[in-house]
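Student: Order-wise, the sequence lines are chains G and A.
Just so you know, we're using the numbering used here here: the first sequence kicks off at 508 and counts up by one.
Just so you know, we're using the numbering used here here: the second sequence kicks off at 3 and counts up by one.
Bear in mind the hints are in silico, worked out from the structure with no lab data behind them.
The reader is advised that the hints may include incorrect statements.
[Stated by the list, open to error] Each computed BS3-like pair below joins lysine-lysine, with the alpha-carbon atoms no more than 25 Å apart:
hint, chain 1, residue 1, chain 2, residue 2
1, A, 113, G, 596
2, G, 560, G, 596
3, G, 596, G, 613
4, A, 113, A, 100
5, G, 511, G, 525
6, A, 118, A, 100
7, G, 525, G, 570
8, A, 100, G, 560
9, G, 570, G, 704
10, A, 113, G, 560
11, G, 596, A, 118
12, G, 704, G, 511
13, G, 511, G, 560
14, G, 596, A, 100
15, G, 525, G, 512
16, G, 613, A, 100
17, G, 570, G, 560
[Said to hold, decoys possible] FRET-style restraints, in silico, Cβ to Cβ:
hint, chain 1, residue 1, chain 2, residue 2, range
18, A, 122, G, 614, 19 to 25 Å
19, G, 689, A, 125, 32 to 38 Å
20, G, 674, A, 87, 25 to 31 Å
21, G, 554, A, 25, 52 to 58 Å
22, A, 124, G, 567, 21 to 27 Å
Glycine included, C-beta positions come from ideal geometry on N, C-alpha and C.
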Amino acid sequence: MVLKKLMRWLKRLFSRKKAISLGLYGSTNVGKTTLANRICMDLMGEPLGAVSKIPHETRVVQKKEQVVLNVNGMNLSMNLLDMPGVAVKVDYRDFMDYGLSAEEAKRRSREATKGIIEAIRWLENVDAALVVIDACEDPYTQVNITIMGNLEARNIPVILVANKIDLTSANTQRVRDAFPQYPLVEISAITGENMPKLYEEIASRLY
Amino acid sequence: MHRCMRCGRTVETLEEMDSGCACGSKVFVYTKGNINDGETLRAGTPKEAGPPAARFAFGKSAANRSDLPEARAVTVPAASKQPHIVVLDIENVRMLEKGVFEVDLGALLTKPLVLKDDEEVYHVRLPLAKDSGEPKKTGAEEDEDAVA
Numbered sequence: 508m509v510l511k512k513l514m515r516w517l518k519r520l521f522s523r524k525k526a527i528s529l530g531l532y533g534s535t536n537v538g539k540t541t542l543a544n545r546i547c548m549d550l551m552g553e554p555l556g557a558v559s560k561i562p563h564e565t566r567v568v569q570k571k572e573q574v575v576l577n578v579n580g581m582n583l584s585m586n587l588l589d590m591p592g593v594a595v596k597v598d599y600r601d602f603m604d605y606g607l608s609a610e611e612a613k614r615r616s617r618e619a620t621k622g623i624i625e626a627i628r629w630l631e632n633v634d635a636a637l638v639v640i641d642a643c644e645d646p647y648t649q650v651n652i653t654i655m656g657n658l659e660a661r662n663i664p665v666i667l668v669a670n671k672i673d674l675t676s677a678n679t680q681r682v683r684d685a686f687p688q689y690p691l692v693e694i695s696a697i698t699g700e701n702m703p704k705l706y707e708e709i710a711s712r713l714y
Numbered sequence: 003m004h005r006c007m008r009c010g011r012t013v014e015t016l017e018e019m020d021s022g023c024a025c026g027s028k029v030f031v032y033t034k035g036n037i038n039d040g041e042t043l044r045a046g047t048p049k050e051a052g053p054p055a056a057r058f059a060f061g062k063s064a065a066n067r068s069d070l071p072e073a074r075a076v077t078v079p080a081a082s083k084q085p086h087i088v089v090l091d092i093e094n095v096r097m098l099e100k101g102v103f104e105v106d107l108g109a110l111l112t113k114p115l116v117l118k119d120d121e122e123v124y125h126v127r128l129p130l131a132k133d134s135g136e137p138k139k140t141g142a143e144e145d146e147d148a149v150a
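Kindly generate the complete structure, drawing on both the sequences and the hints.
Tutor: What follows is the structure in C-alpha cells.
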C-alpha cells in the first residue's frame, strides 16, 4: 500500500510539466486583470497589469511566470496569462465616451482587435483556463458560449469564475444556470472575497 | 420582409423590430416578397400604415396565420437586450470603417485570419509550419499588419 502510494507520487512528480499555463479568458471589463493582479499579489506580492474602466485596457497577453500556488502542502507552478478581453465588435466611438480623442480611440480600437486575435490564438497554448464572467451581467453571450465551447472541444480544463459578487446586482445563480456542467467559484477579485476557495479549486482540478 | 401583426406596417430594419412597432406590438410576421396588394408601407404611425392585420391576404384568420408555410411569427422580447451575434462570410474580421471592427469568433477559432477592409479588399494570413508552437511575436506583428 505504502509502496503503491510512493510509486504514484513519484510518477506524478516526474510526469508533471514544469508549469501549467493558466489563461484568464472572458469579455471586456469582467475583471480579468483585477483577478490576475489579485492572484499575483497573493502569491508573489506584485501585480501583473494596469486596470481601467475603459474597455480593452489589456490589449496584449500579459504573462507572469512561475506563480506558485501552495494548497495543503501541494505546490502548483503556473504561468499566468491575462488575456485581452474578447469581443465581437470593437468601435472606437465607445472609447470616445471615456474622453479619448478620435485618433487615440481608433488606435485603441485597432490594438483591441489585434488583442482579440492574439487571445484566440493563445487558446492552443493554454493548459487550463479561468473563464471570468461578470456576475452582474447576462452570461448568455456569444463570447462566453464560443469560448466555453472551444475550450471544451480542445479538452482544456475550465473553472468558471463569477466575479463582482461584492456588487448588489450580482446574480451568480444565473451564471450557474447558464453553464451547469462546469465548476464555478463565486468571487470578488477587488475585495478578495472567496479567493481561498478559488485557489482550492485550481489546486484540486489542476494538480 | 416583416410586417407588424397588429397594424400591418412594414419593418425594414432589425433595429425597428427590436424597439417594436409604433402601435406597441412586438409581434411581426415574415412574408416572402411583396404582399398581394403590392404596396410597401413605410415607417409611420399605425394610422398612416393603413388597416390592421386584415391587410394580409392569406385568406385565414389571424389566429391560424403562423401555421402557413410562408409565414413565420417573430417575437421580440421586451428587454431587447439580445447579444450582438456576429457571423461573417469568408472573412473572420471585418473593418466596417476606420476604428470599427467586427469579429466572427467561431470562424477565427477554426480558420486562418481573413480580414476584409473597408474597401472590400481581403487580407489572408497564411498559416506557416513554424506557427505550430506558442504564438511568436512575429506572428502577432503579422496580425497587427493585417489589422492595420
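Student: Given the proposed pairing of residue 511 of chain G with residue 560 of chain G, does the C-alpha separation stay at or below 25 Å?
Tutor: violated, 53 Å
Student: Between the beta carbons of residue 689 of chain G and residue 125 of chain A, is the distance compatible with 32 to 38 Å?
Tutor: holds, 36 Å
Student: Is the straight-line distance between the alpha-carbon of residue 113 of chain A and that of residue 560 of chain G 25 Å or less?
Tutor: Since the Cα atoms of residue 113 of chain A and residue 560 of chain G sit roughly 32 Å apart, the hinted pair is violated (cutoff 25 Å).
Student: Go ahead and decide if the range 19 to 25 Å is satisfied by the Cβ distance of residue 122 of chain A to residue 614 of chain G.
Tutor: holds, 23 Å
Student: With a cut-off of 25 Å on the C-alpha distance, tell me whether residue 100 of chain A and residue 560 of chain G pass.
Tutor: Answer holds: residue 100 of chain A to residue 560 of chain G is near 23 Å, not above 25 Å.
Student: Below or equal to 25 Å on CA atoms is what counts here, so check residue 113 of chain A against residue 596 of chain G.
Tutor: Judged against 25 Å, a Cα distance of about 18 Å means the pair holds.
Student: Within 21 to 27 Å: is that where the Cβ-Cβ distance between residue 124 of chain A and residue 567 of chain G falls?
Tutor: Since the Cβ atoms of residue 124 of chain A and residue 567 of chain G sit about 26 Å apart, the hinted range of 21 to 27 Å holds.
Student: Hey, residue 525 of chain G versus residue 570 of chain G, does the alpha-carbon distance stay inside 25 Å?
Tutor: holds, 16 Å
Student: Is residue 596 of chain G within 25 Å of residue 100 of chain A, Cα to Cα?
Tutor: holds, 13 Å
Student: Take a quick look at whether residue 113 of chain A and residue 100 of chain A sit within 25 Å of each other, Cα to Cα.
Tutor: Holds - the C-alpha atoms of residue 100 of chain A and residue 113 of chain A are around 24 Å apart, at most 25 Å.
Student: Has the given pair, residue 560 of chain G with residue 596 of chain G, been kept, meaning a C-alpha gap of at most 25 Å?
Tutor: holds, 18 Å
Student: Checking one constraint from the list: CA of residue 570 of chain G to CA of residue 704 of chain G, max 25 Å. Satisfied?
Tutor: holds, 23 Å
Checked against the numbered hints above, the structure violates hints 10, 12 and 13; every other hint is satisfied.
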